[in-house]
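A.B. asks: Below, each chain spelled out in residue letters.
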Amino acid sequence: MTHHPYPLKTRFWTPGVVVLAVLMAAGALTILARFIGGIGYVSNLSTARPWGLWIGVDVASGVALAAGGFTTAFLAHIVGRHYYEPVVRPALLTAMLGYTFVVLGLLIDIGRSWAIWKPMIFWNFDSVLFEVAMCVMFYLNVLYIEFVPVVVEQFKGRVNLPGPLAGLNGPAESLLGLADRVLGKIMWVFVIAGVVLSCMHQSSLGSLMLVAPTKVHPLWYTPILPLLFLTSAIAVGYPMVVFETTIATSSFKLDGEMRVLGPLTRITIWLLGLYMALKIGDMVVRGTWVYLLDGTAQTNAFLAEMILGVIAPWLMLLSDKVRHNRRALFAACAMIVGGVLLNRINVFVVAYKPPVSEANYFPAVGEILITVGLIATLMFIYRFLVTHLPVLSAPAREVSS
Amino acid sequence: MKLTRRGFFKIAGATGAAAATNRSAPAGASAPPDDPYGCLVDLTRCIGCRKCEEACNRVNGLPPPEEPFEDPTVLNRLRRPDEKAFTVVNRYFPGQLDASNQLVPTFVKIQCMHCQEPACASACIVGALTKKENGTVHYDVTKCIGCRYCMVACPFEIPAYEYHDPITPRVMKCTFCFERISKEGGLPGCAEICPTEAITFGRRQTLLKVAKDRIRDNPARYIDRIYGEKEVGGTSWMYISAVPFEKLGFIDVPNEPTPKLAETIQHTLFSYLWSPIVLYGLLGGIMWTSHKNRAEDEDEEGDRR
Numbered sequence: 001m002t003h004h005p006y007p008l009k010t011r012f013w014t015p016g017v018v019v020l021a022v023l024m025a026a027g028a029l030t031i032l033a034r035f036i037g038g039i040g041y042v043s044n045l046s047t048a049r050p051w052g053l054w055i056g057v058d059v060a061s062g063v064a065l066a067a068g069g070f071t072t073a074f075l076a077h078i079v080g081r082h083y084y085e086p087v088v089r090p091a092l093l094t095a096m097l098g099y100t101f102v103v104l105g106l107l108i109d110i111g112r113s114w115a116i117w118k119p120m121i122f123w124n125f126d127s128v129l130f131e132v133a134m135c136v137m138f139y140l141n142v143l144y145i146e147f148v149p150v151v152v153e154q155f156k157g158r159v160n161l162p163g164p165l166a167g168l169n170g171p172a173e174s175l176l177g178l179a180d181r182v183l184g185k186i187m188w189v190f191v192i193a194g195v196v197l198s199c200m201h202q203s204s205l206g207s208l209m210l211v212a213p214t215k216v217h218p219l220w221y222t223p224i225l226p227l228l229f230l231t232s233a234i235a236v237g238y239p240m241v242v243f244e245t246t247i248a249t250s251s252f253k254l255d256g257e258m259r260v261l262g263p264l265t266r267i268t269i270w271l272l273g274l275y276m277a278l279k280i281g282d283m284v285v286r287g288t289w290v291y292l293l294d295g296t297a298q299t300n301a302f303l304a305e306m307i308l309g310v311i312a313p314w315l316m317l318l319s320d321k322v323r324h325n326r327r328a329l330f331a332a333c334a335m336i337v338g339g340v341l342l343n344r345i346n347v348f349v350v351a352y353k354p355p356v357s358e359a360n361y362f363p364a365v366g367e368i369l370i371t372v373g374l375i376a377t378l379m380f381i382y383r384f385l386v387t388h389l390p391v392l393s394a395p396a397r398e399v400s401s
Numbered sequence: 001m002k003l004t005r006r007g008f009f010k011i012a013g014a015t016g017a018a019a020a021t022n023r024s025a026p027a028g029a030s031a032p033p034d035d036p037y038g039c040l041v042d043l044t045r046c047i048g049c050r051k052c053e054e055a056c057n058r059v060n061g062l063p064p065p066e067e068p069f070e071d072p073t074v075l076n077r078l079r080r081p082d083e084k085a086f087t088v089v090n091r092y093f094p095g096q097l098d099a100s101n102q103l104v105p106t107f108v109k110i111q112c113m114h115c116q117e118p119a120c121a122s123a124c125i126v127g128a129l130t131k132k133e134n135g136t137v138h139y140d141v142t143k144c145i146g147c148r149y150c151m152v153a154c155p156f157e158i159p160a161y162e163y164h165d166p167i168t169p170r171v172m173k174c175t176f177c178f179e180r181i182s183k184e185g186g187l188p189g190c191a192e193i194c195p196t197e198a199i200t201f202g203r204r205q206t207l208l209k210v211a212k213d214r215i216r217d218n219p220a221r222y223i224d225r226i227y228g229e230k231e232v233g234g235t236s237w238m239y240i241s242a243v244p245f246e247k248l249g250f251i252d253v254p255n256e257p258t259p260k261l262a263e264t265i266q267h268t269l270f271s272y273l274w275s276p277i278v279l280y281g282l283l284g285g286i287m288w289t290s291h292k293n294r295a296e297d298e299d300e301e302g303d304r305r
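Chains as they are written, first to last, in our numbering: chain A, 1 to 401; chain B, 1 to 305.
Hints may be right or wrong, so weigh each one.
Using 30 Å as the maximum straight-line C-alpha spacing, the simulated DSBU-like pairs for lysine-lysine come out as follows [to be verified]:
1. Lys156(A) - Lys253(A)
2. Lys185(A) - Lys292(B)
3. Lys132(B) - Lys118(A)
4. Lys247(B) - Lys353(A)
5. Lys253(A) - Lys9(A)
6. Lys260(B) - Lys118(A)
7. Lys353(A) - Lys230(B)
8. Lys353(A) - Lys260(B)
9. Lys118(A) - Lys84(B)
Quick list of simulated restraints, FRET-style, between CB atoms [unchecked claim]:
10. Pro33(B) - Gly281(A): 39 to 45 Å
11. Pro223(A) - Lys247(B): 31 to 37 Å
12. Lys230(B) - His82(A): 56 to 62 Å
13. Gly95(B) - Gly281(A): 44 to 50 Å
14. Ile280(A) - Ala295(B): 39 to 45 Å
15. Val103(A) - Phe93(B): 46 to 52 Å
16. Gly61(B) - Tyr41(A): 20 to 26 Å
17. Leu303(A) - Lys230(B): 35 to 41 Å
18. Leu315(A) - Lys230(B): 45 to 51 Å
19. Ser251(A) - Thr168(B): 39 to 45 Å
20. Ile280(A) - Ile277(B): 31 to 37 Å
21. Asp213(B) - Ser357(A): 32 to 38 Å
22. Ser357(A) - Lys230(B): 19 to 25 Å
23. Gly281(A) - Glu133(B): 41 to 47 Å
Derived coverage of chain B by chain A (criterion: at least 3 residues anywhere in the stretch with Cβ under 8 Å from a Cβ of chain A; other residues may be distant) [said to hold, decoys possible]:
24. 118-130
25. 141-147
No lab work stands behind these hints: they were computed from the structure. Backbone N, C-alpha and C define an ideal beta-carbon position, used for all residues, glycine too.
One chain only, chain A, in its complex shape (with noise of 0.2 Å):
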């Protein structure tokens, strides 16, 4: 490649990034008012509605959307097509921190925030969610250790620890040079079983709700479930890496990479396209279409997850123009992204209807505001390493006159 990645040292505080402060203080603060009063009292979460926007959002979605991160490495390093190579990075760094924030996320969702070790130790190989945890805690160990080659590369022969921690600076380098080493050698397992452990869990999490199928509205409600998570997960890799690479160059002022960004979303057209067959023959072979225009608010839903998420995007993404444009294949995939977003929250609160009690939720101000205080913490910290290690290799824009 004609570019390396680089840490790009530019100033930090901007007003964006001062709004990202802000709705971390919301969030902090309610995660305290979380802490101090419990889930009851940040939050609409019921006996009947145990699940809201906390699953759907941050765990779901989260690990939904950090599918970059296993697409890019399989495109790259798996099949060899090295041209890819530039959103490898950017997109492992976002898969790294999204299963932070899954974790993160769970850590605020489950009652017993303290006993999150427990399934270590504690196994049920009936649990769907014993699966996928298992799976997230493995493949988040998989990231770290993918990820630390870049940080060998910035830091490696210049460690420079400050003021009292220098006498660490000796051992500090020997062990880089140890990694470095190392994991040169052997990176190889990681990289596959990071596609392994995503391709399992990606697909139980779509098996978690399976577990109630007098609770989850037919449209969704499908044995190929698993496959469908499966299909969109992998189908939403590459748009999301287009979507957050292009926000991150036009945020640093960057080129726009559409020399990679374009080839990768023609791939996409195959992968959509498959995810789309299955929905839709899975609405056919099923019958369930019969309920698409029964004017609910759960097929409305459901519609807008298909029209907007997946068969219009699908459709932008077939013309070359399109995927030409910077601002059209942007908008393309923010709507596949969107897609998948609603899809999630369609399965795990949408689709979701206790039939006994019958209740209704909303999430609380709470819940929204822990949602987007994380969003903006992933957001704040992605800013910060990309601005101090060597992830994006996108050049500076040059200024035309």
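Following the hints, position chain B against chain A.
C.D. replies: Just chain B, lined up with the frame of chain A:
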């Protein structure tokens, strides 16, 4: 140990089995008990006195109720069990009239059904919920992490949660008075106190026979259905009634245990971890080939130069 059913992560499970021997079998990994205890609720006998609610509150050490148990106006609204009440009695007017043209009420006691193949136990990430030999669906708070997947899974919407406890909230549901019925001759608090013998405690097979006898001997008094005999694979708590159950707030559930599909998919895909291993091998093959080709290409380029 009944670890006979297929388990995904079986390889890992084999190593863990040794450590697991002094615990009860993992949730759902054991077959449903052959002849557990159960309770038969005869809705034609219940007079709505709420003594069962009071006894339940007492034996389980639950907080005092907002309205006293003697207050009949509580029955004016439909209630659900919650974290402070493991059982509640609701009043329905399904349409029957008495001699003086007054609507006849039917009272329905609600609590955990103690399913034979509980969805909550299948779902529980740590196996904190288990079906015991004596019929209890038992909750072990020391394992619980508070994920509330049991609440998502339960088809009867029974498990409640202490949402206002910030650090150590518990899942709260009928315990079937596990400690009491574990003792010889022990009865659940509610069954012991019931003044009309509307709640009969006993072996599930015996109770089914009692129920069938009552229905056969009094066909005018009962509809011919035992709710809980087949529902979601059978439950330890069962009901007989004079009026169709749909009119009394009972929901239609499949006879198949509800976690079956999820379990089948999970076990088919992940027993012996076969699919991840195959996928790993496949991806390894692709990676090896692509790197070899790349190396050859580079060699050729080098030769040409």
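A.B. asks: Identify every previously stated hint that the structure contradicts and give their numbers, smallest first.
C.D. replies: No hint contradicted; all consistent.
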